[in-house]
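Protein chains: 2
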Amino acid sequence: MAIPPKEPLRYPVTAGSTAVICVDMQNIFCDPRDPVNEMVPSIIPNVQALLAAAREAGLPVIYLRHVVRGDGSDTGRMKDISPQVDERLKAGTWNVEIIPELTPEPGDIVVDKPFFGGFTGTDLDTILRGKGIDTAIICGTRTNICCETTARQATEREYKVIFASDANAASGKPDMGWGEVSAEENHRMALTILACNFARVASTAEILAEIRALKGLQAAS
Amino acid sequence: MAIPPKEPLRYPVTAGSTAVICVDMQNIFCDPRDPVNEMVPSIIPNVQALLAAAREAGLPVIYLRHVVRGDGSDTGRMKDISPQVDERLKAGTWNVEIIPELTPEPGDIVVDKPFFGGFTGTDLDTILRGKGIDTAIICGTRTNICCETTARQATEREYKVIFASDANAASGKPDMGWGEVSAEENHRMALTILACNFARVASTAEILAEIRALKGLQAAS
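In order, the protein sequence lines correspond to chains S and Z. Just remember that the numbering used here sits 17 ahead of the position in the first sequence, which is counted from 1. Just remember that the numbering used here sits 17 ahead of the position in the second sequence, which is counted from 1.
One chain only, chain S, in its complex shape (with noise of 0.2 Å):
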């Protein structure tokens, strides 16, 4: 049957107002010797200027980890879907450092998440709404599980998300019984129904220019 077409959401980035969510850039979930990252690689560059251009134009830069106790306390779900949850994603532990390339700078914020969306048990929330933030800008990894529950919050608690299509990645999926799924296929359905239902979603190279654009607004006034 015929699919009725749908107009995209337009939030623009805003001077004040406009807050950049870098999810899960951890070493464990962009280790290129793992091939569920094999998305991760290609994205670096992009995440990189976002968050460059966010701290020059003044727009807060918030980093979210998954990291867990390590004792069992805070995982049960999450242990359910991953039972080496626990040891995987430890405290303290080179797995859920943020990468080099992307190692937060003075004045960023870092929020650790017990789970994968970025408001389950944390104070996210209260740090957007202490900072006047209305927009969140997501980028990371992984698209369909971490950025876009993340991504569902956000929208669902009266933010606007700019979802970057192209500085999130995502990793294939196995034959759960409905066939497997590439990387490649995963990001562009994830993309679809956000675009449809949940986020403006854009290019780093839009996001950026309206980001540099704030900055010369600023510097102008």
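In case anyone wonders, no lab produced these hints; they're calculated from the structure. Be aware that a few hints might be false.
Because identical chains share one entry, a pair is satisfied inside a single copy or across any pair of copies.
What the hints assert, rightly or not - Below 30 Å or equal to it, Euclidean Cα-Cα: the simulated DSS-like pairs (lysine-lysine) are:
#, residue 1, residue 2
1, Lys232, Lys148
2, Lys96, Lys148
3, Lys107, Lys96
4, Lys96, Lys23
5, Lys23, Lys107
6, Lys232, Lys107
7, Lys148, Lys23
Model the placement of chain Z on the given structure of chain S, informed by the hints.
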């Protein structure tokens, strides 16, 4: 690159701590004259069977409906996404009523929600906790939007989610820049992502057998 296999989640249907959540089976989202509802007719018998079996086994049946005030006061981002939402989902109209094939019965609970997720702005969590529910069977429409958002929310609230593969209906998505997606493709991808990271995905027949076995257990005890 090779995609590593993943063990599926195996949450059982349990006596006394499982509820069935029936998502958005309301006139507007089921009307067969609207092509976006193309998958809905095929799931109605399965949803009917799940709800009937749940009632017979004494499992709570909870309906979600997407309903807004209609005065614009509770539609911020939702109105950005769906500009006609205040007319289309206004409380008291035919659009928001549960379809006649699934009319709620005495003892069922109806929860109205102003957004996609069942937990957003509602008392769903209070209801489930109050009843000691830790496992939620999800059926209804639409797979990727309200059903999947509710599933992700439930999982991150530590509920065990059982997602009915053939009692949830997806819609097709237009080309937002990454190609048109059919309802079937959308549905298949959502089931794969849910099965990998958020839920047990099981057929109506499997779930029905487990619900009916509970009833047998109860009768024998």
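Hints versus structure:
1. Lys232 / Lys148: Answer is within: at 18 Å inside a copy they meet the 30 Å cutoff, but 53 Å across does not.
2. Lys96 / Lys148: between (33 Å within a copy, 24 Å between copies)
3. Lys107 / Lys96: within (12 Å within a copy, 40 Å between copies)
4. Lys96 / Lys23: Between copies only: 14 Å across chains, 38 Å inside a chain, cut-off 30 Å.
5. Lys23 / Lys107: The answer is between: 21 Å across copies meets 30 Å, while 43 Å in one copy does not.
6. Lys232 / Lys107: neither (39 Å within a copy, 42 Å between copies)
7. Lys148 / Lys23: neither (32 Å within a copy, 40 Å between copies)
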